[in-house]
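Q: So the sequences go chain by chain: L and X. Under our numbering, the first residue of the first sequence is numbered 1, with each subsequent residue one higher. Under our numbering, the first residue of the second sequence is numbered 1, with each subsequent residue one higher.
Keep in mind the hints are simulated off the structure, nothing from the lab. There could be a bad hint or two in this list.
In silico BS3-like links for lysine-lysine, alpha-carbon gap of 27 Å or less [what the hints assert, rightly or not]:
1. K360(X) with K346(X)
2. K104(X) with K183(L)
3. K112(L) with K15(X)
4. K346(X) with K183(L)
5. K203(X) with K360(X)
6. K183(L) with K360(X)
7. K12(L) with K346(X)
Quick caveat: nothing in here was measured; it's all calculated off a predicted structure.
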Amino acid sequence: MAAVTSPNQRLKISLKYLLLILVALVFVFPIVFMVVSSFKPDLQLLRDTSSFAAFLPVGDISLDNYFAAFRRAPVGLFVFNSIFVTTLTVLGSLFLCSMAAFAFVFLEFRGKEIVLSIIIATLIVPFETIAVPMLMVVNSLPWIGGSGITWGWLNTYHVQIVPFLADALTIFLFVQFFRDLPKELIEAARLDGASWFQIYSMVIVPIAGPVFATAAILKFLAMYNQYLWPLMVTQSEQFRPVMVGLQYFFQLNTAWGEVMAYLSMITLPVLAFYLFLQRAFITSIASTGIKG
Amino acid sequence: MAGLSLQNLQKTYGKVEVIKGVNLEIEHGEFVVFVGPSGCGKSTLLRMIAGLEDITGGELSIGGQVVNAMQPRDRGVAMVFQSYALYPHMTVYDNVGFGLRIKKTPKDERDAKIREAARILQMEHLLDRKPAQLSGGQRQRVAIGRAIVRQPEVFLFDEPLSNLDASLRMDMRMEISKLHQDLGATMIYVTHDQVEAMTLADKIVVLNAGVVQQVGSPLELYNRPANLFVAGFIGSPKMNFIAVQVDEIKPGMVTVSGPDIRAVSIPVVTDGLTVGTALTLGTRPHQMLTADQGAITATVMLVEHLGNETIVSLRLPSGKAIVAGLDGDFPVAVGDTLHLTPEANKAVLFDEDGRSLPIKS
Ligand SMILES: Nc1ncnc2c1ncn2[C@@H]1O[C@H](COP(=O)(O)OP(=O)(O)OP(=O)(O)O)[C@@H](O)[C@H]1O
Ligand SMILES: [Mg+2]
C-alpha cells in the first residue's frame, strides 16, 4: 500500500478509483441486467428498461422464466453438449498445440521457420471465409466409430471438436512462451538423459502453467461461443450447443424473460471455469517462481 | 577410462567458421581449461563435446569411442552451465535426482546418491528448497550436485563461476579443484578468467578465433608462450612487448637492441636469424630488475602500491607504455626515471609472425 501523504495525492488516487469503478460498472451492468431481468415477467421487464429499476430485483420476482425456458428447449442437453465439446477441444488443443510449439521452438528440422510462419499467417484468415470449404471437407471424411466406418461427419460431436483441435493462436501463445525459456533448461535435461517427450512433460509443462491457463481461457471462450459452425453442421437437436439453442427463444414472439433466464444459465459454466482457472493460474505462478 | 581425442574438429554456422580444425588429446583424469577472449569458440567447442552442437567436421572420441553422432545422454558427460539451468519447479532434491529418475534408478539407491552428493557439496540443509530460494553460490552447488550424481566420466563446466562475486568465486574454485582430486574424473572447464585457468588447470588450451594457439601446463604457457597472443593473454599484469632488432649472433645467444632498449643478450636457438632481423622482445612486469646500468630507461607515469608489491606504469622514450612489478617497499614516485633490465633467461623473443623463438632444451 502506498502511503497517502498530501491531499493532492489523495485526490489523485480517489479520481483513479472513481474511474476504475466506472469502467467496472460499464462491464458489470449488462450482466446484472441479464440476471435481474431473468426473474421478471416480460411486461415488467420491458417497462423497467426505462428506469434504473432495470438493474434491481424489484416487483414481480419469480423463477417462472426458468421453468418456461426448460419447457421450451432442452436446456440441459444444450449445456451438456457445449461443455462436452468445449472441454474435449480445450484439452486436446492444449496438448496438441503445446507439443507443436515445443517442436517449433526446441527441435531442429528442415523448413520449421516456413511452416511456423504459414501457421501464424492463418491468424488473419477469418473463420467465415473458410467455413463453407471446411463444411465440404468434413462432409466427405470417413470416421471410425461404434457402427464401423461412416462417411461424412455431419450431426456428430467430433465434427464440432476435431477441426478445432489445432489452431494458430494457441500454437502462437505457446511458441511465445517457450521462446522466452532459457535454452539451457532443455540442454540440461538432455544431458540428464531425458527424451524429448520427458523434457516436454517433466520440465516444460510444469513451468508453463500461466500460458496453459491463458490458452485454456481463450480457447474455452472461443469454443463455448461457437455459433456459425455448429449451426452449419448440426441439423438435429441431439448435438446442438447452447448458442445454437438460443434460436428456440427467438420465434414468432420473443419471450425476453426466458431469453434472459437461458442466457443466465449458459453464462454460469463460463464464470465457473474462469474462477477455477484464475485460482490455478495464480497458484502456478507462485509455485514455479520462474521469475526468481 | 575416458580420455578424449579431438581430431580436426570443425564447426560452421552457415558460412561462418567458428571452430577451425581443433586437434587435442585429453588424458583420463586431467583437468583441462579452455581459455580465450569472448567469442573465440570456447563454449561452442565444449557444447560439441557435450553433444549439444552438431559437429560439422572432424572426429570426436570419448574413451576411445567415436561419439560424433551419439546423443548427449550416451556420452557419459555431465555439464554445469553458467546460468545453472536448474529446473525451477523442482526442489533441490529433485533437481539433483532428475537424471537418476530418468534412468529409473531404484529409489533407495537414488536417495543414497542424492544425499551423498549433498554431503560432498555441504548442501544437505537445502534439499527441500526450490531454486528461487537459493543464493547464486547455492544454485551453483546444486548444478554441480546434479552433475556428480550421474557419475560421469567427463565433467564439462562452462564459466560456472562467472555469475558469482569475487570471494565466493575463490571458494568455489577451491571446491571444484578438490572435487577433481576426490572424483578423479576428467574435467573440461571453460573460462575467460586466466587466474581461474592458471590455478585449476593441469593443462590449458588457449583458443583464439576458433584456432588453438597453444596447449600446455600453466607454467609452460607462462614461461614459454608459443606466440604473441598467448604471451599477452596469460599473465597479469600483461607481458611487455618491446620492438628490437638483432645486433649480434653467437651460438645459442642473440644480442638485440632497439629504440627503447640498449643491448641485451638473450639465450635462444639462433637458426634463421641474421643481423638486422626485426623481433619483438617480451618481458613480464615481474621479470624486470631495477639496475643503475639498466637497458631500459623509462619515466614513471603511475604507481599502484599493493603492499607486497608495487605496480608501476612507465613510458618509454618512444612513447610506448610498459608495466613493471617492483618490491612493495621500493621507493618510487610519479615522474621518477627508472632503469630496468629484463631477466635475460626469462625474456622471450618473437619473430615477425609473432611466433616465439625456441630456447635450446
Ligand atoms: N547459433 C549460432 N549461430 C551463429 N553463430 C554463432 C552461434 N552460436 C555462436 N556463434 C558464434 O560463434 C562464435 C563463438 O561463440 P562461443 O559462444 O563459442 O564463444 P565463447 O568463446 O564461449 O565466448 P564467451 O566467452 O563470450 O562465452 C561467436 O563469434 C558467436 O557469434
Ligand atoms: Mg561462452
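Q: Is the straight-line distance between the alpha-carbon of K346(X) and that of K183(L) 27 Å or less?
A: Judged against 27 Å, a Cα distance of about 46 Å means the pair is violated.
Q: Does the alpha-carbon distance linking K12(L) and K346(X) stay inside the 27 Å limit?
A: Violated, because 75 Å separates the two Cα atoms, which is more than 27 Å.
Q: Are the Cα atoms of K104(X) and K183(L) separated by 27 Å or less?
A: Holds, at roughly 25 Å.
Q: Is K203(X) close enough to K360(X), meaning Cα to Cα at most 27 Å?
A: holds (23 Å)
Q: CA of K360(X) to CA of K346(X), is that 27 Å or under?
A: Holds, at about 13 Å.
Q: For the pair we were handed, K183(L) and K360(X), check the Cα-Cα distance against 27 Å.
A: violated (50 Å)
Q: For the pair supplied as a hint, K112(L) and K15(X), confirm whether the alpha-carbon distance does not exceed 27 Å.
A: Holds - the C-alpha atoms of K15(X) and K112(L) are around 20 Å apart, at most 27 Å.
Checked against the numbered hints above, the structure breaks hints 4, 6 and 7 and satisfies the rest.
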